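Since each chain comes alone in its own frame, lean on the hints to assemble the complex.
In order, the protein sequences belong to chains Z and X.
Its first residue numbered -17, the first sequence is counted upward by one per residue in my numbering.
Its first residue numbered 878, the second sequence is counted upward by one per residue in my numbering.
No lab work stands behind these hints, which were simulated from the structure alone.
A portion of the hints provided could be inaccurate.
[Unchecked claim] DSBU-like mimics (lysine-lysine), calculated; alpha carbons at most 30 Å apart, straight line:
| # | chain 1 | residue 1 | chain 2 | residue 2 |
| --- | --- | --- | --- | --- |
| 1 | Z | 200 | X | 1007 |
| 2 | X | 904 | Z | 200 |
| 3 | X | 938 | X | 960 |
| 4 | X | 904 | Z | 95 |
| 5 | X | 1007 | Z | 95 |
| 6 | X | 938 | X | 904 |
None of the values given here were measured: they were computed from a predicted structure.
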Amino acid sequence: MALDFSIILRFQEALLLGLWMTVKLTLICIVLGCSLGFFIGLARTSRSALLRAVSSVYVEFFRGTPVLVQLFWIFFCLPLILGVELSNLTSGVIALTLYMGAITSETFRASLKSIGPEQLDACVALGLPRRVQVTNVILPQAVLRAVPTLLSNCVSLFKESALVSAVGMADLMFVGQNISNNTARPIEVLTVVALIYFLIAFPLTRAVTLVERRVLTKLAI
Amino acid sequence: MTMSFSAPLVKIQSLHKSYGPHIQVLKGLDIEMKPGERVVVIGPSGGGKSTLLRVMMGLEKIDSGSIRFGGKPYISSESADKKTEIDTEVRRSIGMVFQHYTLFPHLSVIQNLILAPCKVRGEAKASATKRAQALLERFGLGAKANAYPAQLSGGQKQRVAIARALMLDPKLMLFDEVTSALDPELVAEVEQVILQLAAQDMPMMIVTHDMWFAKNIASRVIFCAGGVVVEDGPPEQVLGAPKEERTKDFIDRVFHIRH
Ligand SMILES: Nc1ncnc2c1ncn2[C@@H]1O[C@H](COP(=O)(O)OP(=O)(O)OP(=O)(O)O)[C@@H](O)[C@H]1O
Ligand SMILES: [Mg+2]
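Chain X extracted, bound-state conformation (with noise of 0.2 Å):
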């Protein structure tokens, strides 16, 4: 790590979105995150979580605030004009994989992983296949290297998205509820991949539902509600012992356990 220890990963600062005129989403959200944490992002259903993660990839314009990335101004509407400032390059550096399948379907698994180093790195292509057919070994999709998203379960699209994001060699991922489309037994695999990357100590922002899960892969918990952090702090802290009424309220509600 080239970065000095305490100095962090993201930091969010201020940050405000709104949908049009009247759907404030998030109202001032500051949020930082170290080198090698991994960030479980728990809350109310249009709280705005999907949104967060979509503004850290660059998705979405944003009001207010900004982000810094590894010491580096990332994205920031600060200006007069309003105008969201997004930084490409630093962008690279963050993959992001969604709730919904988003695999190319008229490319072969393969050709997913490799288009983005081929045409965005200039990677030759033998070195790019090799690499990538090394990556779907490690997360067991050795045998699917040629065959086309529709043929595969939805466990292995979203394994393969994990794949395919990894090919750029991240230094942060962001996981938008992964698993909630998937059939109940099709959740293990893909947790287990996300899992062998937290081993490796990939730094991550998770939204998930799935409270084994949260408490699994989480070096710290923030929950979100009304478009601002409520409460921040280590899993067993968060998902175990809440400080805040409205963190215990949704943690017994929503997961219906607590410990």
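With the rest of the complex left out, here is chain Z (with noise of 0.2 Å):
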């Protein structure tokens, strides 16, 4: 069977919208997962302990079940108990931004917890008020400290996100897919789509690397 990746060539169009769709729907995740990830972390290591049973069942929930269910279950139950219709990219976002929340919520509590108290006393010996002590001692650190472990995290959901395909999202592997059955080109088609996400996460996996060693030697005290 002779290999034809030109036929690739006729596809781009396609292919680049549905990489589009990758890159926005990760993006948009990366964005709304961490936000909440951080929060959760906090309820984590909270004193209330609502909020730390809340917070946990539902980072065990989400950490304890496969992400293809997960997109199975928002795509199709949300609705229905909702009653309401929500849109593809809706469903994805929630369902990509509710397990992104929490991973990273678990790379920030890790963060937090590797503060030392030897930094809370220094503030308390500097009279900080526990504001000052939140915004400009722990909060910088705990960011510092979970940026490497957060880069891969985001690596982790751009590679994840190719399963919303599975739910008929029109994302890069939901296009690939399609190409490939239209044309029974599975070979060329499957193998440049795979390459596509090599290309973007392979950088990234190097950089958490890069990113890791800087934050490394300039926190070690």
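Have a look at this one:
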């Protein structure tokens, strides 16, 4: 069987549209998911037992179930429960944001925990009010320490986002699948799709290592 | 000095402190410190020296007793509900340097110094920076203003930590074994800085295991063991010719020298 990669060029535009959908979905869910994750991370270390319980049920549930199942549930069950139609994009955003919120909350929780109690002692000894302790000492360190892991969380999200093709969202994976079905050229098409994912994800994973090294050398007291 | 000469700067009365129900650390401590005094606290490991300093800094709750500072009530736990009352205004006039490095690693040296003056006192950034730079010059750290803590040696970090505390013009400085995490060759540079402060009559309470330093800096030495003050007197007495048997044992055992 002769390989003919030139057919890809005919579908360039469709693939680009699919890629744009994937990137858009990923970026939206990174912003929403990280913000959600930060507050959930705080809630999990909160003094209120109720907040701790609610947030940990949420996190454990989303970490302990397949993303594909979560997607199907949000796409098919949530509209029934709410009694409203949700667009594909809305459902995809909700599902992946909840997933991203769960995994990044663990990242934030770990980084909050890695700030030693001696930092708080220093804050008290300097008479810093609680607000200043949080905004000038704890938050910046927590975010800095979280950055490398957050970047890998983003890479995971980017890759996991391909699952939305299973519920009919026209992302890169969905478009690739369609083209491959219609042209009966799965090898060429799916290889190119894989390459596109890789060319975006690989530099990001390299960046994680670089950033990690820089953050660690900076924060090592 | 606004206070009359005889009024104590610090008056600790019947201080009790435990960690949980089983670890009783301070069992009725009474200490009085006059203005300008430099008190060195020595004692066996686990005897509660760090706990005493942490309580004085307002970092720990107490079980009972009281501390007055500059004639004002500062810390007390005397009411029935055993709540520790800490006057945070009074706390602002005390500075502390710890055994472990506590600089903020995400801030440069100069940012570490100006954070509290700007945020607590609302001092303008320019004026705080000017004072900070002058203080760093004085401690031989002028070139390190824009370095990050990770780029400093242990001795430099501790000198920065001292400068950071001084930015708030404390009326009392607490030093808890500030040189014991340092490589031996870095100890002197930190002790020199503290001796500099002593020369300017900064009141201080110092926990140290360094005999040479204790002798050179102390105007008074307190030997604490088992949660109480065992011996309290001038350095020549406590370090040189202790009256109490337990002090004698400790000095012989730990410092190996006595004269
Ligand atoms: N946060 C804590 N929780 C429980 N126990 C503690 C805590 N901090 C100190 N302790 C215990 O209290 C006792 C006194 O400790 P502290 O650190 O005050 O002694 P120290 O005189 O400073 O000793 P060292 O010379 O070793 O520094 C020790 O037995 C210690 O294990
Ligand atoms: Mg100690």
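Outcome of the hint check:
no.: 1; hint: 200/Z x 1007/X; verdict: holds (25 Å)
no.: 2; hint: 904/X x 200/Z; verdict: violated (43 Å)
no.: 3; hint: 938/X x 960/X; verdict: holds (8 Å)
no.: 4; hint: 904/X x 95/Z; verdict: violated (33 Å)
no.: 5; hint: 1007/X x 95/Z; verdict: violated (35 Å)
no.: 6; hint: 938/X x 904/X; verdict: holds (14 Å)
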